[in-house]
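Student: Take a look at the letters that make up each chain.
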Amino acid sequence: MKRSAVVRLYSLCKKETLQIVRDPSTLLITFLFPVVLLCVFGMGINLDSNVVRLGIVAHDTSPPARRLVETFRHNPSFEVIETARESELGDAVRAGRIQGFLVIRSDFSKRLVSPALTTPTLQIVTDGAEPNNANFVAAYAQGVIGAWSRQELARSGQPVPRTLTLETRSWFNPSSVSRNFLLPGSVTIIMTVVGALLTALVIAREWERGTMEALLAAGVTRYELILSKLIPYFVLGMLAFLVCVVMTHSVFDVPLRGSLWVLLLVGSAFLCSALGLGLLLSTVLRSQYNAAQAALNVAFLPALMLSGFVFEITSMPLPIRIVTSIIPARYFVSAMQTLFQAGDVWAVISRSLLGLTLASIGFIGLTLIKTRRHLA
Amino acid sequence: MTPTLIRLSALIKKELLAVLGDKQSLRLLIAPVILQLLLFPFAATLEVKNNTIGVLDEDGGPVTIEIMQRLTQTPAFDRVLLLSGQQQMTDVIDRQEALIVLRFGPQFSQKARLLRPDHVQAIVDGRRSNSGQIAASYVQSILSEVKLGTAAQVPGPTVSVRHWYNPNLDYFRFILPSLVAMITTLSALIVTAMSVAREREQGTLDQLLVSPLTPWMIFVGKATPALIVAMFQATIILLGSVYGYGVEFRGSLLLLYACMVPYVLALVGIGLFISTLCSTQQQAFLGVFLFVMPGILLSGFVSPVSNMPAFLQTITWANPIRHFIVIAQGIYLKAALAADFSENLVALSLTALVTSTISLLLFQRRLS
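Protein sequence lines correspond, in order, to chains A and B.
Residues in the first sequence are numbered consecutively from 1, following the working numbering.
Residues in the second sequence are numbered consecutively from 1, following the working numbering.
Simulated from the structure, these hints should not be mistaken for laboratory data.
Heads up, none of these hints are tricks.
Label-pair restraints from in silico Cβ distances:
1) B:K14 <-> A:A139: 48 to 58 Å
2) A:S77 <-> B:L114: 26 to 36 Å
3) B:G21 <-> A:F31: 33 to 43 Å
4) B:G246 <-> A:K14: 56 to 66 Å
Only a predicted model underlies this, so the values are computations on that prediction, with no experimental measurement involved.
From the three backbone atoms N, C-alpha and C, an ideal C-beta is built for every residue, glycine too.
Take the sequences, apply the hints, and build the full model.
Tutor: Take a look at the structure:
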């Protein structure tokens, strides 16, 4: 590069940096947004412990039925609301006040003694409108009923049937805290916002106001132009990334088992792809409003929904799994979760780095092509 | 027509032209809705399917073979990976080649036949501990189906399980009504916040302020396009979910659209509030973001509100997204009536009242 080019690039970067520093919203999104979002994820989103409000109608008041109700009452997963009428509980389910209810039929204890009849004496009804809770209610209620059955057998001195049991250990995350995988994943969202959304807006503004043409007319080459946009926002993005890493690790106690340089490497690779996407969108759309809408839909929402950080990619149908393979956020999420909890597992990291590098080259390359087209 | 009405209708016409006037903006209001309608109902699932389970079988007896056969029959696992040693066990977990691995010790079958079974050891990938736990619970239920010995099992009570509104617990039935809330939220906020900021940036807001239009009229003018865009997008989603996904709309369509009015007004109020604090479109957009991200995350869509700490649960009462998700889901899936979600409707209307009053006052202050 010629000396004049270096000088030009330096002054362009300086101009960009001044713009960043002078706009409070940029700094707010870089430093406040990560803090707010990590707090929301760290405290508000909890996929582990569910306390479910369960209604119970006992049409049978015999001691075994009472003991069954008590077993439910003592289970920490349930908050039991007992009523006399089924219709009341039906209304409560419709209004979403309870997640399900259990009906103990009047012939419950009679049939325990003569189990020849096969019609059910216990009925569990769940609110299927929330499938995750419904599954939980059904599985846990059946577990409680099973535990109660074994207690009853033991009480009457009968042999308790043996079943096979599973002894589960959760690697990397022994107490299975969902925060430990949600927080490293949520860094993706923050980086997408800072990288893609912010960049898309800022550069679209230059096109909107015509200052981009002015720069190009002043003899700035498109490489210099794109580099001058990339470098300051890269620095800004990495600062946001550091805020995330420090907060995740030291405030929310998520272990950080990987090495810092790998973390920074993966972070920069993702940031480049996000910046590239932001640049591309603003170059193509050239209006802040449209660039913002587009960035929201092609960068932000996929990062939230298709990156595997809340919703499992393997559980999605095949066509969608194929779509996720072109979403950079997906590679970043898996690398972040691995780096925080497992360490430098190169089998995972190298795959992620490859995906992120390809995405960065693709987006930045397309931006270069589009910039030239617009000039001609 | 009175002068007020003429002015108002002219203003609304102008606002509609600003939002829907050019093809690119129009495309950006429709295309994403269709894209999300195609992708998200399939993507947003907390089920565990198509996973790989690793098995280290040091026994090879009849019981472990039976278990493995049962494992392959559940949709949770589409592949059983036979492992040859402990080292491989740790490797497949590290590399995320399997979500869960099981280990059957030597003489497992023999001990099981003698009714003194060993535990089955399982290791799950803690990086995905939520899915790992669900997978482990599937394995546990398979294990408890395996009969040990010849002793007659003492039957417990017979239990029937019914899932109301969604008998097969399909996730998309849960997602589609929520999607109505999510997509309209983003659009309504962005349309209002950005339109004021754009006018300010381009200097047309000053023209608007020196015109005979009152702040009240400007509010209506800004609220109308947001309402139209939100209802239009909601209609696309509703049509798609009824005719595309075959999810029956059980409640009153009129009630849903009626509830959308206070919802959009609450959002318009927030959008205008954000825009009065901002001087550029960039700031307005980022401001919207700073509100909408926590708003969506704390709406009960990702994880239930009841799982949140008490102080956050209190805060979510002011979150319009939370209430509208309850309302949309209730009307769509459960044929809920206004009485069923009266609390939510009241909270929503209060939020609408408060946010629109504040934004009107702020507008007025800028005028004087």
